[in-house]
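Colleague: With chain W held as given, fit chain B onto it using these hints.
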Amino acid sequence: MPETIAFPRGISVAHRAFLLAAACLAAGAVFAASLPPTTPVKVHRTWMPEAYPSSYAIGFGSGLNFCFDPIRGNVIYAWAGDYVDLSATVNGKIPRDAVVRGTIFYRVLTESGFSTGSAHPEIRFRGFRLKNDVPEFEYDVDGIRVREAVRPSADGTGLVREFHITTPDRRMTYRGAELGKVQIESGPARWVGDQLELSGNSTVVFSVAIPRQ
Amino acid sequence: MISPRVHIRRAIAGLLLLSSGVRAQYRVETVTLPPAAESIELFAVAFSPEGDLYVANRLGEIWTANRNAENWRRFAYGLHEPLGMLVDSSRVAYVMQRPELTKVEDTDGDGIADTYTMVADNWGITGNYHEFPYGLRRDKEGNFVGALGLSSGGEKEYANAKLVRGDLAKGPVRHEQQWSVVPYRGWSFKVTPNGKFIPWAFGFRQPAGIGMSPDGEFFSIDTQGDWVASSGLIHQQQGKFYGHPASMRWLPGGMPAIASDDELAEKKTPFSVMLPHGAVGISPGEPVWDTTAGKFGPFAGQVFIGDFSNLVSRVFLEKVDGEYQGAAFPFLRSKLLHMGNMRMAFSPDGVLYIGQASWGSGQGLQRIVWDGKPPVDIHSINLRDHGFLVRFTSPMNRVAGADPRSYRIKRFRYIYHPQYGSPRIDQVPVQIRNIKLSADGREALMDLAEMEPGFVYEFQMEDLAADDGRLLTNPTGFYTVNRLLNGKRFTGPYTRPMYTVNPAEANQIDLVAGKKTYQTYCMACHMENGRGNGVSADFVGDKNRLAKSDVELIRSIRRGFENEKASMPPFGAVLSESDLQNVLAYIRDAFDPLRRLGR
Chain W
2 MPETIAFPRG ISVAHRAFLL AAACLAAGAV FAASLPPTTP VKVHRTWMPE
52 AYPSSYAIGF GSGLNFCFDP IRGNVIYAWA GDYVDLSATV NGKIPRDAVV
102 RGTIFYRVLT ESGFSTGSAH PEIRFRGFRL KNDVPEFEYD VDGIRVREAV
152 RPSADGTGLV REFHITTPDR RMTYRGAELG KVQIESGPAR WVGDQLELSG
202 NSTVVFSVAI PRQ
Chain B
33 MISPRVHIRR AIAGLLLLSS GVRAQYRVET VTLPPAAESI ELFAVAFSPE
83 GDLYVANRLG EIWTANRNAE NWRRFAYGLH EPLGMLVDSS RVAYVMQRPE
133 LTKVEDTDGD GIADTYTMVA DNWGITGNYH EFPYGLRRDK EGNFVGALGL
183 SSGGEKEYAN AKLVRGDLAK GPVRHEQQWS VVPYRGWSFK VTPNGKFIPW
233 AFGFRQPAGI GMSPDGEFFS IDTQGDWVAS SGLIHQQQGK FYGHPASMRW
283 LPGGMPAIAS DDELAEKKTP FSVMLPHGAV GISPGEPVWD TTAGKFGPFA
333 GQVFIGDFSN LVSRVFLEKV DGEYQGAAFP FLRSKLLHMG NMRMAFSPDG
383 VLYIGQASWG SGQGLQRIVW DGKPPVDIHS INLRDHGFLV RFTSPMNRVA
433 GADPRSYRIK RFRYIYHPQY GSPRIDQVPV QIRNIKLSAD GREALMDLAE
483 MEPGFVYEFQ MEDLAADDGR LLTNPTGFYT VNRLLNGKRF TGPYTRPMYT
533 VNPAEANQID LVAGKKTYQT YCMACHMENG RGNGVSADFV GDKNRLAKSD
583 VELIRSIRRG FENEKASMPP FGAVLSESDL QNVLAYIRDA FDPLRRLGR
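Going line by line, the protein sequences match chains W and B.
Each step along the first sequence adds one to the number in our numbering, with nothing skipped, and position 93 is 94.
Each step along the second sequence adds one to the number in our numbering, with nothing skipped, and position 397 is 429.
Here chain W stands alone, though its shape is the one from the complex (with noise of 0.2 Å):
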């Protein structure tokens, strides 16, 4: 049950202290049954270092973690060693950044490497998947869905980022900062250049590995 602590008028201050003592006895005894959290990956968003204002903060267990900003539409860092330390961000009425618990391995402040053509590409943020502990995000590059997928790679020496996007009757380019790691999985697609480009009216899926130095 929970504690209460409105005690009638007349009983003493040691009885209140007595019977707060039971209160809180019992209720743990009921609390040590909660159930905890079931998944290994941490999910937080908030304020991180480096990236737009509500971004993600993502821990695998086995020490590999990643910040990716929604705004950005880009995994801007990622990091081996603990997760983040969160205590400035609730720290009293005015927050500040999320620090950082290990070294960080891969490291880029752009926005995603996505682009239809047009000299800005508009990025808007759609959502995140948590299914099986692998983390999905979801955004429009020119109106265009990227559904992201970030986890460990097989060997877990890094992570890997696996994009699957369905095109509509316009092409689309990828230009990441880790060419010489793509992987394509399946549909149509080519280098031009130093870009990847998805054909029009297909779906495409192909991986882009980082690996910890």
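The set of hints was computed from the structure by calculation and includes no laboratory data.
Hints may be right or wrong, so weigh each one.
Once the Cα atoms are required to be at most 25 Å apart in a straight line, the calculated BS3-like pairs of lysine-lysine come out as [claimed, not checked]:
| id | chain 1 | residue 1 | chain 2 | residue 2 |
| --- | --- | --- | --- | --- |
| 1 | W | 43 | B | 135 |
| 2 | B | 327 | B | 405 |
| 3 | B | 202 | W | 94 |
| 4 | B | 520 | B | 299 |
| 5 | B | 172 | B | 135 |
| 6 | B | 351 | W | 94 |
| 7 | B | 520 | B | 300 |
| 8 | W | 94 | B | 194 |
| 9 | B | 272 | B | 299 |
| 10 | B | 367 | W | 94 |
| 11 | B | 135 | B | 202 |
| 12 | B | 367 | B | 442 |
| 13 | W | 132 | B | 135 |
| 14 | B | 575 | B | 547 |
| 15 | B | 327 | B | 442 |
| 16 | B | 468 | B | 442 |
| 17 | B | 351 | B | 520 |
| 18 | B | 548 | B | 575 |
For clarity, every value in this text was computed on a predicted model and none was experimentally measured.
Modeller: Just chain B now, with coordinates in the frame of chain W:
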């Protein structure tokens, strides 16, 4: 006139109530939150249609329990300061978080949300801590309603701002202290079920609580500060301006040319009900309607509003000449009520749950439970042609209830200006010409010597007691007369007093008045015993606090301060010079033993 006997009875009753943590017939219970929760600073509280309890915390988790707050489990996480929540079912909730309105969904039915879909994000964010998003309610058409707080920090905060969502407009528009530097800060909005964002009304500072009446009408509060004389409850009407000019830059034509503050004031729609600062809170939160059909006592249909201080207040609304106005009352002020009572919801059993967060000085989940017995309280105050009809929850003593000396009434109003808050101005006592108590002792109809629109009428009824001798639990009420029944409205002046103050009266030190000022403005944070609430100054335990000179202390009260750990609003615009002198004299007299001994 109050007899010494009544004073003694009231003091004893007050001590008993404070020590027991109950307000006669209402008790405060503290609910233990799950130890696994990452934070117990609660930013939202709601019940699902099935009657399950949901709370959201500062670190972005949503936890759920049964209607008795048992068997907790985590439903969702990864949200950024979710300040409002609607729960549609055990699988779907909608959340107002800092960057967006989000649909939170458990698609596979395993009890844990897995999909977070952005519904609307059509406002700017700079990361400023004061850019709170407020909500969340639905109107009759199924639209979501919410509002957006202004930013703080001034030039320094935005000098190098780069990582900003939305168009960044630097600088104030009209001497304001809180700014609207990105779109729709200071606006309320609606979002249609398919995600269309509709800016609704503007002129808000920190509309920290959104409410929806049982009739589906959109209300919010706004919070005392620059351009906001005192907090109040607002009926939100589309396209209306509610007083803070910062938001006007996002009007379709941009900031309009306005020659004077008086001209601006004429564009302002008055708050439906003022919540006079100090007496009815210091910073109100979410207004919730008592829809319990009597399970919470005799106030069905009225509005309960939590406060940043250890207070829950109550508002009675009525329509006069087509517009809402009404009366505000303190409802429950208890030492056992935590600080930060910003979010509330009624359980299906008629228990009022309160989610608490106050930047470290108060947090958790408490609930207020009615014991089923009728309280002795003011039920409501209605406007009448020549005065008011005061209703009580229990029959009043027939002699005292019919005696005009049992009622003290005065009226006051506020200045509209850019400064932080406003002192009460044009405050005058109002004579009762005639009073008639109904045969059942529950209604007092009073004719007053004068009725003026644009004033708050304050009622004090300390002498009144019920038939069985019980005193009114709360003897104070404040009726906001925006309009008289004949439609007459206040036409100014809005930016200056109408009556002058006698300076000779202002220079007399008055400890009684100082104590009243302390109780009104200071006690919520510094506590009745002067020892503070853990964050604010402890006048008794910290010998350095009152070791400062009168000049330094008056300066602190006048200017206020803000740092990472605590803040105190500036009272220079709220308190007159004599108020400042009187309250300092009272603080020294009550809490400074050296001064009290005359050393």
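Colleague: Determine for every hint whether it applies to the structure shown.
Modeller: To see whether the hints hold, each was checked on the structure:
1. Among the hinted pairs, residue 43(W) with residue 135(B) is consistent with the structure: their alpha-carbon atoms are about 20 Å apart, no more than 25 Å.
2. Using a Cα cut-off of 25 Å, the hinted pair residue 327(B) and residue 405(B) holds, with the two alpha carbons roughly 11 Å apart.
3. The straight-line distance between the Cα atoms of residue 202(B) and residue 94(W) is roughly 23 Å, inside the 25 Å bound, and the hint therefore holds.
4. Of the supplied pair hints, the one linking residue 520(B) and residue 299(B) holds, its CA atoms being roughly 17 Å apart against a limit of 25 Å.
5. Under the criterion of a C-alpha separation no larger than 25 Å, the hint pairing residue 172(B) with residue 135(B) is consistent with the structure, at around 19 Å.
6. A distance of roughly 38 Å separates the Cα atoms of residue 351(B) and residue 94(W); the hinted pair therefore is violated under the 25 Å criterion.
7. Between the alpha carbons of residue 520(B) and residue 300(B) the distance comes to roughly 17 Å, so the proposed pair stays at or under 25 Å and holds.
8. Our distance criterion of 25 Å between C-alpha atoms is met by residue 94(W) and residue 194(B), whose separation comes to about 22 Å.
9. Taking the CA atoms of residue 272(B) and residue 299(B), the gap is about 8 Å. The hint holds against a cut of 25 Å.
10. Note on residue 367(B) and residue 94(W): the hinted pairing holds, with a Cα-Cα distance of about 23 Å set against a maximum of 25 Å.
11. A hinted pair counts as satisfied when its Cα atoms are at most 25 Å apart, and residue 135(B) with residue 202(B) does not qualify at roughly 32 Å.
12. At most 25 Å may separate the alpha-carbon atoms for a hinted pair to count; residue 367(B) and residue 442(B) exceed this at roughly 29 Å.
13. With a CA separation close to 16 Å, the supplied pair residue 132(W) and residue 135(B) stays within the 25 Å bound.
14. The hinted pair formed by residue 575(B) and residue 547(B) meets the criterion: a straight-line CA distance of about 21 Å does not exceed 25 Å.
15. With a C-alpha separation of about 34 Å, the suggested pairing of residue 327(B) with residue 442(B) is violated against the 25 Å cut-off.
16. Distance hint between residue 468(B) and residue 442(B) is fulfilled; the C-alpha atoms sit about 19 Å from each other, no more than 25 Å.
17. Distance check on the hinted pair: residue 351(B) and residue 520(B) sit about 14 Å apart at the alpha-carbon level, within 25 Å; holds.
18. Taking the CA atoms of residue 548(B) and residue 575(B), the gap is about 24 Å. The hint holds against a cut of 25 Å.
In summary, the structure is inconsistent with hints 6, 11, 12 and 15 from the numbered list given earlier, while agreeing with the others.
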